[in-house]
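Residue numbers (the working numbering), protein chains in the order written: chain A, 1 to 100; chain B, 1 to 184; chain C, 1 to 990.
Source of the hints: derived by calculation from the structure; they are not laboratory data.
Treat each hint with caution, since some may be false.
To be verified - Pairs of lysine-lysine, DSS-like flavour, derived with a Cα cap of 25 Å:
{"#": "1", "chain 1": "C", "residue 1": "LYS883", "chain 2": "C", "residue 2": "LYS690"}
{"#": "2", "chain 1": "A", "residue 1": "LYS81", "chain 2": "B", "residue 2": "LYS57"}
{"#": "3", "chain 1": "A", "residue 1": "LYS30", "chain 2": "C", "residue 2": "LYS875"}
{"#": "4", "chain 1": "C", "residue 1": "LYS928", "chain 2": "A", "residue 2": "LYS30"}
{"#": "5", "chain 1": "B", "residue 1": "LYS48", "chain 2": "A", "residue 2": "LYS81"}
{"#": "6", "chain 1": "A", "residue 1": "LYS78", "chain 2": "C", "residue 2": "LYS436"}
{"#": "7", "chain 1": "A", "residue 1": "LYS30", "chain 2": "C", "residue 2": "LYS883"}
{"#": "8", "chain 1": "A", "residue 1": "LYS30", "chain 2": "C", "residue 2": "LYS683"}
{"#": "9", "chain 1": "C", "residue 1": "LYS883", "chain 2": "A", "residue 2": "LYS100"}
{"#": "10", "chain 1": "C", "residue 1": "LYS631", "chain 2": "A", "residue 2": "LYS51"}
What the hints assert, rightly or not - Here chain B is said to cover these stretches of chain C; the calculated rule only asks that three of the stretch's residues, wherever they fall, bring their Cβ under 8 Å from a Cβ of chain B:
{"#": "11", "stretch": "280-287"}
{"#": "12", "stretch": "661-674"}
Each residue gets a CB set at the ideal place from its N, CA and C atoms; glycine is no exception.
The primary structure of each chain is shown beneath.
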Amino acid sequence: MLLINCPYCEDDRPELEFANAGEAHIHRPKDMADMSDEAFEAMFFIRDNPKGVILERWRHAHGCGRFFNAVRHTVSDKFLKTYMAGEPRPSDDEITELMK
Amino acid sequence: MAKPAIALRHTPTEGHNFANGVVSVSTAAPASRISLRATPLGANSFGKSLGLDLPKKPSGSAAKGGKFALWLGPDEWLIIDEKNQDISLVPKTASTQLSAVDISHRNAAYFISGNGAENTLNAACPRNLSLSEFPVGSATRTIFGKAEVVLYRTQNNTFRMEFWRSFTPYVWGLLLDAARDSNN
Amino acid sequence: MNSTSQQAFRVKARGSRIGARSVSFTFDGKTFEGLEGDTLASALLANGVHLMGRSFKYHRPRGVLAAGVEEPNALMQISRDNSKTTPNVRASVQEIYDGMKAQSQNRYPSLNFDIGAVNNLLSPVFVAGFYYKTFKWPAVAWDKLYEPFIRRAAGLGEAPTEQDPDRYANRFAHCDVLVAGGGAAGLIAAKAAADKGKSVILCDENPEFGGWLLSDTDIRIDGQTGEEWSAEMVRQLLAMDNVRLLARTTCVGYFQQNMVVLNERVTEHLSRPNVELPRERMWQVRAGKVVIAQGAIERHMVFPDNDRPGIMLAGAAQTYLNKYGVAVGANVGVYTACDSAYAAAFDLAEEGVTIPVVIDHRDQVSDDIRAQAKEFGIKVITGAHVYCTTGKLRVNSMSIRHHKASSGSEDFEIDALITCSGWTPSLHLYSQSRGKPQWDEATRRFLPGESPQECVSIGSCNGTDELADIFVEAAEAVGGKAQKPKIEDDVPTSSGMVGATGTSADKGKAFVDFQNDVTAKDIALAVREGMHSIEHVKRYTTNGMATDQGKLSNMHGLAIAAKLLDKPIPQVGLTTFRAPYTPTTFGSFVGHARGALFDPTRKTPIHEWAVEQGAEFEPVSLWNRARYFPKAGETMDDAVDRECQTVRKTAGVFDASTLGKIEVVGPDAAAFMNIMYTNGWDKLRPGRAKYGIMCRDDGFIYDDGVVGKLSSTRFHVTTTTGGAARVLNMMEDFTQTEFPEMKVWLTSTTEQWATIAVQGPKAREIVEPLVSGVNIANEKFPHMSVAECQVCGVPARLFRISFTGELGFEINVPADYGRAVWEAVWARAEPLGACAYGTEAMHVMRAEKGFIIVGQDTDGTVTPHDAGLSWAVAKSKPDFVGKRGLQRPDLIAKGRRQLIGLKTKDPKKVLQEGAQIVADPEQSIPMKMVGFVTSSYWSGTLDQSIAMAMLEDGNARMGETLYVPMPDETIEVEVTGTVFYDPKGERLHG
Ligand SMILES: [Zn+2]
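For reference, chain A alone in the conformation it holds in the complex:
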């Protein structure tokens, strides 16, 4: 069972309190009605499935209830970083740094 650091609770909490909520930083445009079919497909259906670093959303479902973002390594399952919803995606440099 993983320990996940909730950026809102500012603490490590057991995985059993959390729910994964899919890939992070998927932008849902305000003018969705005008999206092309291709853009909608890319936005809603197409997901990365990387071996390595993934940026994903989690919800501290049985804790503070907040959705937040995480940088996780899919091979080691290690959480490299968690941060609040709405915060910018970590830069590639930062991710490289985190992996050290």
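Since the structure of chain A is already known, use the hints to place chains B and C with the ligand on it.
Same frame as chain A, but now just chains B and C with the ligand:
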């Protein structure tokens, strides 16, 4: 025709009491509860009207005169008035800064008390409940087996556990099963 | 009593574990006596019994090989009674208790004479890769032949036939330092950590702490014996508040972030366990640091017929002698490639056991050992090997030959043969921590390297051979400092060899893996047939794939393969060890989660009333809901029919408390509702309610429900029973992440309210007198109204709403008043001829009206348009969840399946839900299906069967005749609209 008045609340935990010398589980009296969700501004003003400084830190709580407020999330508090049974906490006027919803009857609660209290809870709660990690006054939403619960440590060896009322048979059964193994 | 107990092999002078009290047990129906503290294996050995099982594939007679969890042969069925029986228990681990029943496995009809042993004669058939080569075709043979055969052969013991009556417990625990293994290294580390004030958990799979120190009685630590030293350490640790000692506790799994799972066997050794105790306890420990002190496991020698009963590990013989006071024979041969076997031989000799010879595979042994052997009068032959043994159910001789000699041999009569080729550092937990073992060429063994987790390996499992060094290493591992004590007579275990095969691998049956009957020859065959990686060799031969996970065999298999491939061992690779370290019972994993505690069963405040009325219940998500209320003599169909017709003619009362409820509050509540639901919410006035549909962004229906607007800033949203949690989750997601600027907040109120639906022509007559604070006359409180008022004097939310098509009200009252209000309603309803109805009648009545149930009539690929709900999709809103998805080409394409009604041509015929629909019943199979039935019921009200179905282009097929092929008939149906009853909806407004 006269309208029949219904005076008494019947909680699902009514009559539930257990003790084995190491741990006791007892039912909490019917209480008034609200779920408060608010902006910081709303939280401050609501706290004032309540006479409580709402906790701002994760896992924090504030208590005064039978009322207590538990931090559940950055915009969410569980506020309980043990001395009143009904909607004593619901504000009379609407505010644009908060939502206060009466959940007095949504939850039921037990007190888990005694030297075996931590062990009883740790049979099905994965959190570190040692006094150093979860001191008196700590409050948190977490899980107990397959039920979501709110734990509030009121004393060194006493926890208040709040949960949705329909989970009572499960929570009660699991507490009893766990209590049998708490002396270890 | 049929006792044959002599315990002739008991050595009184030894046996630190053994008490004086006799313990009586049975083995294969025969009564034996052992002593308190014995394992089943030591007690049987004390009675001269070596034959303890038959092997898995060849059914060869087998004796006990080891003295610990690595035992591959002596697997037993241990029983208290029919329900308390456990298969595949290691005789070397199971402690005996009075009345214990042990049964050998894998034999029929008896251990001495086993019919399956014919497999031994057929062994040329059962070569490596046998399963792959044989069970390929024909496909039909799988069901009839192969699978039954494999299942019979693969089941070692027998599963209990009755429910397990025992209790199992679980505990989540946290500590600074977890020490896995309570031998010398573990005890030192635990004490050093505890002295620094750390919270410590120390576990050991044995009943006692001390590890190998209890088997080697020669060692002195500052003058103390190993047993004295261990006992003193345990005494000190027990006195410390910050230490938890767990004996009989195996570290079975090492997971991420130092989550380590321990299995504690609490009562397995007790004759009459206290019923308050769980049988086993699972510990899920989160440790700041894990100290792995697993020790090392001795390897056997690989030579032809090395599996006869009486042939065992030298260290095991030493353990049986010193811990249990049992000599494994009277005339014991020794075959070794490691110094440690001499210690066993000398201990046995000291107790008068004849040691005819020590065959040492190596060319040299130290002068010191030679001198000691001479003292005991033991003949040592170096540079030689055992190439043959005899003895049917017990070894009785061995034949040896010098490596260099091509012929000529010497035979020795023996009644036991102890062997040792060296010791394998246990890397199981280290490997589970995702560490990569490193090959150490100097000592020819794998050792732990770096670990990605906060853990450290110490002692024998880390290749630290000298006890004096272990004192320093173990203390330093936890930041402590230790003095090297004065150690005497420590026999290091690092010497030896791997892959020991005295003869060419192709001769005879030289077993590598005893439990899976894999021989050196099988490994050679696998290599010859092209398996060049150990992962392939393992799967091809099944070496190391038995329940012991190759604790004895992995290194041998690897070395034999490496030699044949002429490659260095690390290049052939080591397989990864997986949890659990030892087989772990299901009970232990299940813990408290059984029976009523398997899953929560949620009950409404009105549940007990329904129980008292004799209702039948059905599970709906986690809820248990009243399905129907049968009267005496009624079948379910009768009851449902009566309930439906009573509601339509008079009225019915229904417990709808399980419906999900969410309070949506805030100045932006209406704006938020506009986003979440397909329809518009701006025009809805406070006091009015509306049916809403919620989609996901892909345009498919996600949930539905009636929403009441209580004020300009407050909505009372209802969801389906099963959808409550996921709807709230999705709404929270949108408020938190997509529209964080909106001032709107959500609270689940499902359980705040008990919901009592009163439906039918007399609904108002029932409800009206109970209500105060609102006028519910038809024109004042029309269909789709909501009011905050009092019912029976308690605060209530009253809806005028209908899921039956009749005049209806839903009374929401705070849940703790739910039953009292229900009874007040019932007190009015019953005299008027109304009934209580359950979910089944509710389903029938809603289907008569064509109301969908999300999840029954929809399946996650149905849009509101498909479901005939286009009227509930706003055209002008700039955005709502699903708006863009609904414009996708596939979703607006022609020919989509649409929800329609079906009437069977024979009105009495009720279709099966899920049945397929075809246009032409005469076509050949596979037929082209054009749709399927989603809901189907007998409607007593209409006196005919009704159904709903998803049908290609359904709306354009009204009136068409279609067919539903069933196994025994083809049912003719007519396509209709979905509203079967009161199509104009007049009854709602009564
Ligand atoms: Zn949190």
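- Confirm or reject the coverage of the stretch 661-674 of chain C by chain B under the rule of 3 or more residues with a beta carbon closer than 8 Å to the chain's beta carbons. The restraint on the stretch 661-674 of chain C holds, since 4 of its residues have a Cβ under 8 Å from chain B and three suffice.
- Quick one, are A:LYS30 and C:LYS683 close enough, alpha carbons at most 25 Å? holds, 23 Å
- Message: Check the hint pairing B:LYS48 with A:LYS81 against an upper bound of 25 Å on the C-alpha distance.
- Response: violated, 37 Å
- Message: Under 8 Å between beta-carbons, do enough residues of the stretch 280-287 of chain C, three at least, approach chain B for the coverage claim to hold?
- Response: Holds: 3 residues of the stretch 280-287 of chain C have a Cβ under 8 Å from chain B.
- Is C:LYS883 within 25 Å of A:LYS100, Cα to Cα? violated, 44 Å
- Query: Given the proposed pairing of C:LYS631 with A:LYS51, does the C-alpha separation stay at or below 25 Å?
  - Reply: violated, 61 Å
- Item | Proposed proximity, C:LYS875 with A:LYS30 (alpha carbon, max 25 Å) | It holds: about 17 Å lies between the C-alpha atoms, which stays within 25 Å.
- Pairwise hint evaluation, A:LYS30 against C:LYS928, where the allowed Cα distance is 25 Å at most: violated, 42 Å
- Query: Regarding the pair A:LYS81 and B:LYS57, is the alpha-carbon distance no greater than 25 Å?
  - Reply: holds, 21 Å
- Does the alpha-carbon distance linking A:LYS78 and C:LYS436 stay inside the 25 Å limit? holds, 17 Å
- Query: Does the alpha-carbon distance linking A:LYS30 and C:LYS883 stay inside the 25 Å limit?
  - Reply: At roughly 12 Å apart (the allowed maximum being 25 Å), C:LYS883 and A:LYS30 satisfy the hint.
- Query: Holds or violated: C:LYS883 with C:LYS690, Cα cutoff 25 Å?
  - Reply: With Cα atoms ~19 Å apart, C:LYS883 and C:LYS690 stay inside 25 Å; holds.
When each numbered hint is compared with the structure, violations occur for hints 4, 5, 9 and 10.
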